[in-house]
Amino acid sequence: MSGGGPPRKRNFKIEAFKNRVELDPKYAERTWKVLEHAIHEIYNHNASGLSFEELYRSAYNMVLHKYGEKLYDCLQNTMTWRLKEISKSIEAAQGGLFLEELNAKWMDHNKALQMIRDILMYMDRTYVPTSHRTPVHELGLNLWRDHIIHSPMIHSRLVNTLLDLIKGERMGEVINRGLMRSITKMLMDLGPAVYQDDFEKPFLDVSASFYSVESQEFIECCDCGNYLKKAERRLNEEMERVSHYLDAGSEAKITSVVEKEMIANHMHRLVHMENSGLLNMLVDDRYEDLGRMYSLFRRVPDGLSTIRDVMTSYLRETGKQLVTDPESLKDPVEFVQRLLNEKDKHDKIISVAFGNDKTFQNALNSSFEYFINLNNRSPEFISLYVDDKLRKGHKGATEEDVEVILDKVMMLFRYLQEKDVFEKYYKQHLAKRLLSGKTVSDDAERSMIVKLKTECGYQFTSKLEGMFTDMKTSQDTMQDFYAKKSEELGDGPTLDVHILTTGSWPTQPSPPCNLPTEILTVCEKFRAYYLGTHNGRRLTWQTNMGTADIKATFGKGQKHELNVSTYQMCVLMLFNNADGLTYKDIERDTEIPASDLKRCLQSLACVKGKNVLRKEPMSKDISEDDTFYFNDKFTSKLVKVKIGTVVAQKESEPEKQETRQRVEEDRKPQIEAAIVRIMKSRRVLDHNSIVAEVTKQLQARFLPNPVVIKKRIESLIEREFLERDKVDRKLYRYLA
Amino acid sequence: MAITGASEKAALQALKASDWHLEGAFDVFYSQPQIAVANTLHLEEVYNRYKEPDADMIMVEGISQLCNDLQVDPQDIVMLVISWHMKASTMCEFTRQEFIGGLQSIGVDSIEKLREKLPSLRAELKDDQKFREIYNFAFAWAREKGQKSLALETAIGMWRLLFAERNWPLIDYWCQFLQVRHNKAISRDTWAQLLEFVKTIDPQLTNYDEEDAWPYLIDEFVDYLKENGLVQHRR
Chain A
1 MSGGGPPRKR
11 NFKIEAFKNR
21 VELDPKYAER
31 TWKVLEHAIH
41 EIYNHNASGL
51 SFEELYRSAY
61 NMVLHKYGEK
71 LYDCLQNTMT
81 WRLKEISKSI
91 EAAQGGLFLE
101 ELNAKWMDHN
111 KALQMIRDIL
121 MYMDRTYVPT
131 SHRTPVHELG
141 LNLWRDHIIH
151 SPMIHSRLVN
161 TLLDLIKGER
171 MGEVINRGLM
181 RSITKMLMDL
191 GPAVYQDDFE
201 KPFLDVSASF
211 YSVESQEFIE
221 CCDCGNYLKK
231 AERRLNEEME
241 RVSHYLDAGS
251 EAKITSVVEK
261 EMIANHMHRL
271 VHMENSGLLN
281 MLVDDRYEDL
291 GRMYSLFRRV
301 PDGLSTIRDV
311 MTSYLRETGK
321 QLVTDPESLK
331 DPVEFVQRLL
341 NEKDKHDKII
351 SVAFGNDKTF
361 QNALNSSFEY
371 FINLNNRSPE
381 FISLYVDDKL
391 RKGHKGATEE
401 DVEVILDKVM
411 MLFRYLQEKD
421 VFEKYYKQHL
431 AKRLLSGKTV
441 SDDAERSMIV
451 KLKTECGYQF
461 TSKLEGMFTD
471 MKTSQDTMQD
481 FYAKKSEELG
491 DGPTLDVHIL
501 TTGSWPTQPS
511 PPCNLPTEIL
521 TVCEKFRAYY
531 LGTHNGRRLT
541 WQTNMGTADI
551 KATFGKGQKH
561 ELNVSTYQMC
571 VLMLFNNADG
581 LTYKDIERDT
591 EIPASDLKRC
601 LQSLACVKGK
611 NVLRKEPMSK
621 DISEDDTFYF
631 NDKFTSKLVK
641 VKIGTVVAQK
651 ESEPEKQETR
661 QRVEEDRKPQ
671 IEAAIVRIMK
681 SRRVLDHNSI
691 VAEVTKQLQA
701 RFLPNPVVIK
711 KRIESLIERE
721 FLERDKVDRK
731 LYRYLA
Chain B
1001 MAITGASEKA
1011 ALQALKASDW
1021 HLEGAFDVFY
1031 SQPQIAVANT
1041 LHLEEVYNRY
1051 KEPDADMIMV
1061 EGISQLCNDL
1071 QVDPQDIVML
1081 VISWHMKAST
1091 MCEFTRQEFI
1101 GGLQSIGVDS
1111 IEKLREKLPS
1121 LRAELKDDQK
1131 FREIYNFAFA
1141 WAREKGQKSL
1151 ALETAIGMWR
1161 LLFAERNWPL
1171 IDYWCQFLQV
1181 RHNKAISRDT
1191 WAQLLEFVKT
1201 IDPQLTNYDE
1211 EDAWPYLIDE
1221 FVDYLKENGL
1231 VQHRR
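Chains as they are written, first to last, in our numbering: chain A, 1 to 736; chain B, 1001 to 1235.
Just to be clear, a hint being listed does not mean it is correct.
To be verified - Chain B regions said to be covered by chain A (calculated; three or more residues, Cβ under 8 Å):
| id | stretch |
| --- | --- |
| 1 | 1107-1115 |
| 2 | 1182-1192 |
Stated by the list, open to error - The following label-pair restraints were derived from C-beta to C-beta distances:
| id | chain 1 | residue 1 | chain 2 | residue 2 | range |
| --- | --- | --- | --- | --- | --- |
| 3 | B | Asp1219 | A | Pro509 | 48 to 56 Å |
| 4 | B | Arg1122 | A | Arg719 | 32 to 40 Å |
| 5 | B | Arg1115 | A | Arg719 | 37 to 45 Å |
Since the hints were derived computationally from the structure, they do not count as laboratory data.
Fair warning: this is a prediction, and the values are worked out from it, not measured in the lab.
Cβ coordinates follow ideal geometry from the N, Cα and C atoms, glycine included.
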């Protein structure tokens, strides 16, 4: 500052108050008393008389003057004391009033705590963080927890009361849900640990034993459907309970308790219950019960797989019976229809009751695949079924109906392992349909072919399509023939020729028989015409596959039109020149092969209503010594009489053997081709791998037999396409 | 050459085979059948003694005479061993080259010497490697000319002959099985694989594995044995 001459200007400096003014310790005590009083008043619902500002200031001052610790401790003590008092009053509450009292006091406490916290806000913000003590609000909660909830007198009583109420509600009583809600909310507010340990855990334990007992009772007295209804009801109840007065986190836990006790523990018994279990539900199509079982069992581990397993074994059993039942084997159409019905039934169950669950679909598919292939005539029968549907005479079925049926049949087709057998039969049956003109509609036929092509590829259907093309071409050819040659033909018999490309059609070679002269002439004219326009081709008349319409006049002048096979026509025409002929005559003149001739004569002479010939002796079978006469006395109500239709039928045993033989023969080159293909690309491969690869490549058509594959391999070794490795005899090597 | 008394050609061969190591060459030389100072003239004489009058081959009569001179039965298996040495292409016939070449490789140039060699030739069957070669050789040799497979009767005869040396207990069942169930010619693969079967699979079939890529005929044989209870069936 100034040393010599006195400075005129002086700087004012305000210095700190040197005199330390200590807060009178009594002041602290006094201030606390004010606050303490306020707290009590708050708890006594007398807060309105207090001045917030004053109280706040008091607390503020205490903290400011470093009495924060005292303030806090005193607060704690006061609250503790208060709570102890409260606890006593709660304990004193009787019966039903216990919870109400607890709840009421809790509300009070909360409100009080709020106010106290506001008053002590400054402490909460300054002293508490720095001294790492629990904030006021939390402190209040903790104290409540420790002195009320965990008070020995209250704790067990609280838990038991709650659980009793819940039990009562489960038994049908009405309880005060609002109160329950408050209490559980209180527990949650005190901390999730409190809720879980003090309430939730005992709750779950008690529920488990409750349901364990109840489920035992139910299962003794209820049938499966009713039991499931009850279980569902309980489950819904619990979920509702949670939403009303429990914490949301409890839902998953309680539902899993119910699921375990009511469902998981009794799963087997339910499923296999006599007269009402899963099997009965399946048999009786009880969609509602099945749906319920599905949705309940879904909740427990292995629930769905249990249902699935039972369904699968049921399906396999029924399927197997169906397929091996000798009765159903008599009628192929019936056989397939029953399969389709079974499939429909189960499809419906899966879509309506099991929510189209893919795993169930797969189980269904694998079961069908299993039993359809148990019967090795399945491919033949399915083809016959389609044949039946596509032939004329199915009145009332619209085009869509037929489409739908064909689609369903395709599903069965997919299950077949021996698709090449099916192809063989389909070809035969199709040929018969086309040649006898018996298809319902060309469109339906083509639609079926398209479906087969989509399923199996072009090669499968190329020959079938060839057959259709032949039919069309033949039509055109005939039109042309008649257009050009009508004058030449004059009054001769009308010819309708189908020209079949060998290789597309399943023809059996058979020597042509002797045609009557009238027929021969016109046939020769056709042959000349055809070979004139198509050079280099060879035509062979297939007399075993044709039909003829002949007009016949009988004794009393009745005229009938007979629809017969070509063979039968040849036989009948003979009778234009003779009244009676022996078997041997007929055989000689017609040159029809013996077995065919016998069959043909049988249908002409031995079938009631169609006996245009009379046989002597009148036995049922044709013998070589028989004589035949034109039956003057033949009568029929119909003008047009059909004799000897060439209809597709299920094969006789020897025919079946023959077809199977041919199929086996056809398979050999296919297997060999597959082996060569595989070895060409892999060069060296061991035996088992070859078998696996071949099976994989051919499975779209058939399931190759490993023994047959082995034989083919040996044949290829013999022909030097392959060789065995010199060191490892299980390896094969491709020889270029 | 001085030590072994071998011809120059033989010496060169031995040295080459042992990579020009002298000691190795001795080993090679002594392990080879002694290509004795081959007197080709002798061999020609022998050949001419047996050959057909109007063909340059030794045929049935010649062979029967040969057997007589050797004092062996024509069915004796040693004839097979000899044929093997000769690399004969068909049984009951020897061409000039086969006959002479064969005797040379055996290391003899006269019938007496051949007769002396018979025991050691028989002993060759005891050697595993040689037996296999002889066995496989037998297939082509016993075939009809121009056939790919071996006729069943011939095959059975050969098998009986061969497996008598090896003492295979199932030989009778095998022949029985073939006559009852198979009745067709035998393929080369089946022939070759049978030897493997005999060598590796024990008579009770305990180590037979049907996944093992045995020819199907052998699989069928196993089934036959099991069906008729001829072996312990153990899975």
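Hint check:
Residues of the stretch 1107-1115 of chain B lying with their CB closer than 8 Å to a CB of chain A number 0, which falls below the three-residue condition for coverage. Restraint check on the stretch 1182-1192 of chain B versus chain A: 5 residues with Cβ-Cβ distances below 8 Å, three needed, restraint holds. For Asp1219 of chain B paired with Pro509 of chain A, a C-beta distance near 37 Å fails the hint of 48 to 56 Å. Checked against the hint of 32 to 40 Å, the C-beta distance between Arg1122 of chain B and Arg719 of chain A comes to roughly 37 Å, which is consistent with it.
Checked against the hint of 37 to 45 Å, the pair Arg1115 of chain B and Arg719 of chain A passes, with Cβ atoms roughly 44 Å apart.
Comparing the model with each numbered hint stated earlier shows that hints 1 and 3 do not hold.
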